[in-house]
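2 protein chains.
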Amino acid sequence: MSAVKFEITARDGNARAGLLHTPHGIVHTPVFMPVGTQASVKALTPQQLDESGATIILGNSYHLHLRPGDEKIANLGGLHEFMAWNGPILTDSGGFQVFSLAKCRQVDLDGVTFQSHLDGSKRRFTPEKVIEIQENLGADIIMTFDECPEPYDHAYNQEALQRTHVWAERCLAAKSRSDQALFGIVQGGVFPDLREQSAEFIASLGFPGNAIGGLSVGETKAEMHEMIEVVNNILPEDKPRYLMGVGAPDDLVECVLRGIDMFDCVLPTRMARNHTALTRLGRLNLRNSPFSDDQRPIDETCTCYTCRTFSRAYIRHLCVAKEILAATLVSIHNIHTLTTLAGDMRQAISNARLEDFRHDFLSNYRKHRSPET
Amino acid sequence: MSAVKFEITARDGNARAGLLHTPHGIVHTPVFMPVGTQASVKALTPQQLDESGATIILGNSYHLHLRPGDEKIANLGGLHEFMAWNGPILTDSGGFQVFSLAKCRQVDLDGVTFQSHLDGSKRRFTPEKVIEIQENLGADIIMTFDECPEPYDHAYNQEALQRTHVWAERCLAAKSRSDQALFGIVQGGVFPDLREQSAEFIASLGFPGNAIGGLSVGETKAEMHEMIEVVNNILPEDKPRYLMGVGAPDDLVECVLRGIDMFDCVLPTRMARNHTALTRLGRLNLRNSPFSDDQRPIDETCTCYTCRTFSRAYIRHLCVAKEILAATLVSIHNIHTLTTLAGDMRQAISNARLEDFRHDFLSNYRKHRSPET
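First to last, the protein sequences are chains A and B.
Per numbering that gives the first Met the number 0, the first sequence runs over residues 0 to 372.
Per numbering that gives the first Met the number 0, the second sequence runs over residues 0 to 372.
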């Protein structure tokens, strides 16, 4: 009996709308999950996050292990209580960060030794350690430890995949909390043979949900779409499928169409801090000078707090004046853009017209992409 | 007929509780006014500001004139609409900033020529220009142009006072909007003779409210209290008295007791960005390591969103991890501390027990001031 249960409520081609039942509430899928790397979705209170339409958020095991420490968070009642987010949480395993942020990595079949990017202290992650960290954090959904290599080296990806698969089995064996669901992760770079092999192995372990890792890391859109198609042909159809690290509006549409249910990305909040708004028509660089007289909201079709309340002129002023509030207001908008996009796709799937939705969305999105005033 | 009307509802010694009727609503006094220097009370949305108990906020003419420009704000509907704050606003005249921030100042009896601290551009403020800027911004309460000199040089303060008085008269003559009230400013450094002379002159001009400037700039507490007593003996008793730039909790108590009705200060928001919480017991440096395990809120007696929702442990983590949310959460708390302190003093004045309130407050405040865990 898994801690999460996935219920498909509608299908449209390969796309699905569903309900993910978790210990902290129900998540409607397809869903975009904002990232709270260090136990904070940057610049937002839990209240603002909720108002932006977020229903499930991410925490990051690597970061929280280093600071403030997963044991400390366990002693303080777990991650939900620590950050005052009462909805569902997913923690990643730290694999991606160990292979992108940490210094002086040494990888072996048993795990990875590395230095903290914060203070250089020596650390070791093994599958068991990563499960221990995630059990201390107490998220509803936890992830297997995986290696996320550079996507174009077949030989290295093949070798790394063996570790990822051994680690997946060991994570499954190490997991002890019944109120958490462990999802497996498929790797394999841009290579259909490796992706196939990985999807088959991960599917065979019977996880209550499966993720696709190692995409959106430099490969082409065509390669990303092909890998998703290869993998989703194999992953069990009745389990949620989570595409890790993807969050651009057009990617959400293309990947939902290919059977993805869950997404996470730092894109909406990172772009907000760089003064870029995501809209259904494309991206807006809010520092552009024509906005200084523009009384319209960021997006006239958007119903978020930011668009209901503030003009582009005001937000541009906040950006230029380096006011903290700019990051908050644009983050609210960007997250709202992705959560409502996911919601509209749920509706389109229920109405069996996702292909039309995609057509309309992408023609508008591309037409206005850049530059935008 | 002034745009604002002051109604005293209770008295206790020299202290008063009252209602300040403005075009954008009623302000209960004594009141603490958070500062939105660049059309943003830093790190807070108008919604959060409202929930923190703020009823009237400040804007800064010097900053808004330079960026985005007061004419631009006028074209966008005025400062209330620009920053989406529908409550009362007070703008200062820019005098303080010209004399503290701007470069290459040249002061004459007609005004001040200076260079923008942003781009070095040459600017000139005269009383008429400062009224024009404030009329473009459209605040409910606007201030006369004044010179705020170093407080210990009698000869210079005497000379500056002549300018401040001439400028006050010229501001009064230049003012044209009937929906704004112009307040005068008393200067005079730490010198009772100059303060007396200034209070008499400013009082003679019949402003609907009067401010005391040039305090909390390096003088002792005893000097500050003496100056307030000298001035408040002369300023009309039926008009609001505004002590500029003061915001420490103990100063609020001491100065309300001496007949002050209005305060503003960047202290609560600046301290928040430096990870210091204001409480009724003293200040907390939230980066202190004992807080890392502390499940209590910042202040167990506080009812703000931050204290209702988050532990010291979490907020310390946000501070150490340099998360933007730290500034937001501590700003909410610090402003709430000052607005509720003002509210409790209103109540104490209505009950004719402000002296007892002061005694209790100051004994607690001093006892625990520092260090605090």
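Careful, some of the hints might be misleading.
Here are the simulated DSSO-like cross-link-like pairs (lysine-lysine), alpha carbons at most 30 Å apart as the crow flies [to be verified]:
id, chain 1, residue 1, chain 2, residue 2
1, B, Lys-174, B, Lys-220
2, B, Lys-220, A, Lys-41
3, B, Lys-128, A, Lys-321
4, A, Lys-128, A, Lys-174
5, A, Lys-220, A, Lys-128
6, B, Lys-121, B, Lys-41
7, A, Lys-121, A, Lys-102
8, B, Lys-121, A, Lys-128
9, B, Lys-128, B, Lys-174
10, A, Lys-128, A, Lys-41
11, B, Lys-174, B, Lys-102
12, B, Lys-41, B, Lys-220
13, A, Lys-321, B, Lys-121
14, A, Lys-71, B, Lys-321
15, A, Lys-102, B, Lys-321
16, A, Lys-4, A, Lys-128
17, B, Lys-71, A, Lys-321
18, B, Lys-174, B, Lys-71
19, A, Lys-174, A, Lys-238
20, A, Lys-41, B, Lys-321
21, A, Lys-321, B, Lys-102
22, A, Lys-321, B, Lys-41
23, B, Lys-102, A, Lys-121
24, B, Lys-4, B, Lys-174
25, B, Lys-71, B, Lys-41
26, A, Lys-321, B, Lys-238
Derived list of chain B stretches under chain A, where covered just means 3 residues or more per stretch with a C-beta under 8 Å from a C-beta of chain A [what the hints assert, rightly or not]:
id, segment
27, 79-88
28, 101-110
29, 241-250
Calculated from the structure, these hints are not laboratory results.
Only a predicted model underlies this, so the values are computations on that prediction, with no experimental measurement involved.
Backbone N, C-alpha and C define an ideal beta-carbon position, used for all residues, glycine too.
Hints, verified against the model:
1. Among the hinted pairs, Lys-174(B) with Lys-220(B) is inconsistent with the structure: their alpha-carbon atoms are about 35 Å apart, more than 30 Å.
2. Between Lys-220(B) and Lys-41(A) the CA atoms are separated by roughly 40 Å; this puts the pair beyond 30 Å, and the hint is violated.
3. A C-alpha spacing of about 27 Å is found between Lys-128(B) and Lys-321(A), which places the hinted pair at or below 30 Å, so the restraint holds.
4. For the hint linking Lys-128(A) to Lys-174(A), the alpha-carbon distance of about 10 Å falls within 30 Å, and the restraint holds.
5. Between the alpha carbons of Lys-220(A) and Lys-128(A) the distance comes to roughly 34 Å, so the proposed pair goes past 30 Å and is violated.
6. Between Lys-121(B) and Lys-41(B), the direct Cα distance comes to roughly 27 Å. Compliance with the 30 Å bound is thereby established for this hinted pair.
7. Distance restraint check for Lys-121(A) and Lys-102(A): the Cα-Cα separation of roughly 9 Å lies within the 30 Å cut-off, and the hinted pair is therefore satisfied.
8. Between Lys-121(B) and Lys-128(A) the alpha-carbon distance is near 62 Å, which puts this suggested pair outside the 30 Å criterion.
9. For the suggested pair Lys-128(B) and Lys-174(B), the alpha carbons sit about 10 Å apart, so the restraint of at most 30 Å is met.
10. Among the hinted pairs, Lys-128(A) with Lys-41(A) is consistent with the structure: their alpha-carbon atoms are about 27 Å apart, no more than 30 Å.
11. A distance of roughly 28 Å separates the Cα atoms of Lys-174(B) and Lys-102(B); the hinted pair therefore holds under the 30 Å criterion.
12. Annotation: proposed proximity of Lys-41(B) to Lys-220(B) holds, straight-line Cα distance about 28 Å (limit 30 Å).
13. At most 30 Å may separate the alpha-carbon atoms for a hinted pair to count; Lys-321(A) and Lys-121(B) meet this at roughly 23 Å.
14. Taken as a hint, the Lys-71(A) and Lys-321(B) pair is honoured in the structure, with Cα atoms around 18 Å apart against an allowance of 30 Å.
15. Taking the CA atoms of Lys-102(A) and Lys-321(B), the gap is near 21 Å; set against the 30 Å cutoff, the hint holds.
16. Restraint check for Lys-4(A) and Lys-128(A): satisfied, since their Cα atoms lie roughly 26 Å apart, inside the 30 Å limit.
17. Between the alpha carbons of Lys-71(B) and Lys-321(A) the distance comes to roughly 18 Å, so the proposed pair stays at or under 30 Å and holds.
18. Pair hint Lys-174(B) plus Lys-71(B) holds up; C-alpha atoms about 20 Å apart against a cutoff of 30 Å.
19. For the suggested pair Lys-174(A) and Lys-238(A), the alpha carbons sit about 19 Å apart, so the restraint of at most 30 Å is met.
20. Among the hinted pairs, Lys-41(A) with Lys-321(B) is consistent with the structure: their alpha-carbon atoms are about 10 Å apart, no more than 30 Å.
21. Between Lys-321(A) and Lys-102(B) the CA atoms are separated by roughly 21 Å; this keeps the pair inside 30 Å, and the hint holds.
22. Note on Lys-321(A) and Lys-41(B): the hinted pairing holds, with a Cα-Cα distance of about 10 Å set against a maximum of 30 Å.
23. Restraint check for Lys-102(B) and Lys-121(A): the C-alpha separation of about 50 Å exceeds 30 Å, so the hint is violated.
24. With a C-alpha separation of about 18 Å, the suggested pairing of Lys-4(B) with Lys-174(B) holds against the 30 Å cut-off.
25. Restraint check for Lys-71(B) and Lys-41(B): the C-alpha separation of about 21 Å stays at or below 30 Å, so the hint holds.
26. Taking the CA atoms of Lys-321(A) and Lys-238(B), the gap is about 38 Å. The hint is violated against a cut of 30 Å.
27. With 3 residues having a beta carbon nearer than 8 Å to a beta carbon of chain A, the segment 79-88 of chain B meets the requirement of three or more and the stated coverage holds.
28. Interface restraint, the segment 101-110 of chain B with chain A: violated (0 residues with C-beta to C-beta distance below 8 Å; minimum three).
29. With a threshold of 8 Å between beta carbons, the proposed coverage of the segment 241-250 of chain B by chain A is violated, since 0 of its residues qualify and at least three are required.
When held up to the earlier numbered hints, the structure conflicts with 1, 2, 5, 8, 23, 26, 28 and 29 and fits the remainder.
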